[in-house]
Amino acid sequence: MAASTNQADFRPAGLPVAVAPAQLPVTREDARRSDDRLHVHRARGQNRRWLLLWLLVGPGILAMLGENDGPSMISYAADGAQYGLGFFVPFIPVLFAMAYICQEMCMRIAAVTHRGYGTLVLQRYGRAWGWFGAADLTLTNLVTLVAEFVSIRVGLAYFHLGSGVAVTLGLALVVFSLSGKRYWRWERIALGLAVFNGLFLLAAILVRPSPGAIVHSLSFVPLPGGNVNTLLLLLASTVGATVTPWMIFFQQSASADKGITVRDLKHGRFDTAAGAVLGAVFGVGALIAGAALLTHHGSGIQGFAGAGFPGALAHVAGSAAGTVFALGLIEAGALAILTICASTAYAAGECAGVSHSFNSSPGNAAAFYTANIAVAVVAAGVILIPGAPLLSIALNANVLATVLLPVSLVFMVMLASDKGLMGQHANKRSTNAIAITVIAFVGLCGAAYGIDSFLQATRLIG
Amino acid sequence: MNQDEQGIHLEHGQLVTETSLPVPRAAVSAFVASGLWALRAFAVLVSLMVIYTFISQVS
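Protein sequence lines correspond, in order, to chains G and L. Using my numbering, you'd call the opening residue of the first sequence number 1 and step up by one each time. Using my numbering, you'd call the opening residue of the second sequence number 1001 and step up by one each time.
By construction, these hints were calculated from the structure, which means they are not laboratory data. Errors might be hidden in some of the hints.
As the list claims (entries may be wrong) - Computed footprint of chain L on chain G; a stretch qualifies when at least three of its residues, placed anywhere within it, have a C-beta under 8 Å from a C-beta of chain L: (1) 55-64; (2) 109-117; (3) 120-131; (4) 152-165; (5) 238-246.
Ideal Cβ positions, reconstructed from N, Cα and C, are used throughout, including at glycine.
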C-alpha cells in the first residue's frame, strides 16, 4: 500500500474479516495480535457468547477500575468522612456516567482507526498538540504515580510494613506484568488485580451502614455545606478521581493494542459500561466506609495523614473493616501503577513514532518498555526521599489532572466527530452536546478550585 | 513473511505497516485553532496556580 497523505486515500477500517488485498510484511507484533484475534474469530463463528465476552473485555474495565486508584478511593472516603451519606453517593455514579461518555469515544476511535490517542492528535492536528498532550500526561502521571506508591505504603503501614516494601512490590509488579511480552498476558494480570477493587464494597458492608440513609442520600440530600474551599477541593478531586487524561490515552491505545475492530463495538461498549458500573459501586463503597467516621472526627483525617483511614476504621468498625480497607488501598495503588505506567509508555512511543505495543519484544520496543519502567522508578524514588511532601502531592494529584483534562477531552471529541477519520462511526450531534457539557463541567470544577486556592494562598481572599 | 504465509487474522488497516502510515492532517479553521490555544493557555495558567498553591502548602 503506497504511503499517502491524500485524505481520499485514507478510509476508516470496517471491512469484513479478510486480509488486505496487497501482501504487506508482517511483524512479530502483528503475529501476536493475530493469534489473539483468531480466538475472537473462532468464538464469534461458533457463537460462543460468553467466551467472546471474556476475550473482548479488558481496556474499559481496566480504565475505570484503574481510576479507582489510591488517591481516588481516599477522596471518596474523605467525602464520606467530611459530609456523611448525602450528595456524593449519587454524585459518584453521575461522574462515572460522564466517564462512560468519554471512554466509549476512546474505544470507538481505536476500533475504527487502530491507532492510539497520541498518534492521532499528533498526526491530525500537528506535532505541537501531540507533544503538549504527552507533556500534560507525563506530568500528571508522575504526580499520580507518587500518590499510588503512597497508597500502597499507607495500606502496608497498617500491617507495619514500610516504604521499602511498597516500592519493591510496585516495581516488581510492573516488571512481572511486562515479562510475558504479550498484550493479552499484561491485560489478564491487571484484570486479576482489578477484581480486588471490590474490597471497598466489602469494607462498606463491614461498617454496617444504615440502608435507609443510603436510600435517602440518592436524592442528593443533604447537600454539602461548610467551608467553600474545602468543598471545592473535594469536588475537584472527586471529579479528578473519575475522569483523568491517562484514561483517555490508555483505553484508546490499549484497545488498538488488543486489536479491537468495528465488529467488536458492542462488546467494547459493554466492557466500558461494566467498568463504569463496577467503578461507581466500589467508589460508593469507599465513601460509605469513610462515612462511618463522620461522627468520629472523620473530617480531621486529611488525605493520607498517618495511614489515617484504615486505622480509624479499625477503631470504629472493627479490625476486619480496617484490614479490608488497607488491602483495598494496596490493590488500588498497584492496579493504577500498571495502567498509568502503560499509558505513559503508549504516549511516549506514539509521540516518538516508535513501536509501542506489549506484543512487541523489548528489543523492538525499547522506548515503550523503558518508559513503562522508568516512570515507575522515578515515582518510587520520590517516596523514599526523607521529608518529601507526600500528603500534599497525593491531595493535589487529582486536582492537577482535573485542570488539565479539558484539553485532552476537546481533542478526543474532535477526533470522535471527525467524519474523515471515523466515517459512519463519527459522533452524533447529541453525543457531542453531552460531551461538551461534560467538558464544561470538568473545566469549571478544576478552574474553580485552582483559582480559589490560589487567591487564598496569596491572601487575596479569605 | 507476508500475510498469506503467516495466516494473519487481522482486518484491513490493522497491520503495523499500515498503522505506521500517518493519517492526513485535518483542516482546522482559524477560529477553532484560536479556541484551542486559548483553552491551552487557560489550562496552563490554572495549573500554575495549583502548583503555586502546592508549593505554598509545603512551605
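For each hint, the structure was consulted:
Coverage of a stretch by a chain is defined here by at least three residues with a beta carbon nearer than 8 Å to that chain's beta carbons; for the segment 55-64 of chain G and chain L the count is 0, and the condition is violated. Only residues whose C-beta sits within less than 8 Å of a C-beta in chain L count toward coverage, and the segment 109-117 of chain G has 3 of them, enough to reach three; the restraint holds. Coverage of a stretch by a chain is defined here by at least three residues with a beta carbon nearer than 8 Å to that chain's beta carbons; for the segment 120-131 of chain G and chain L the count is 6, and the condition holds. Counting residues of the segment 152-165 of chain G whose C-beta sits closer than 8 Å to any C-beta of chain L gives 0, which falls short of three, so the coverage hint is violated.
With 0 residues carrying a beta carbon less than 8 Å from a beta carbon of chain L, the segment 238-246 of chain G misses the three-residue requirement, and the given coverage is violated.
Going through the hint list in order, the structure does not satisfy hints 1, 4, 5.
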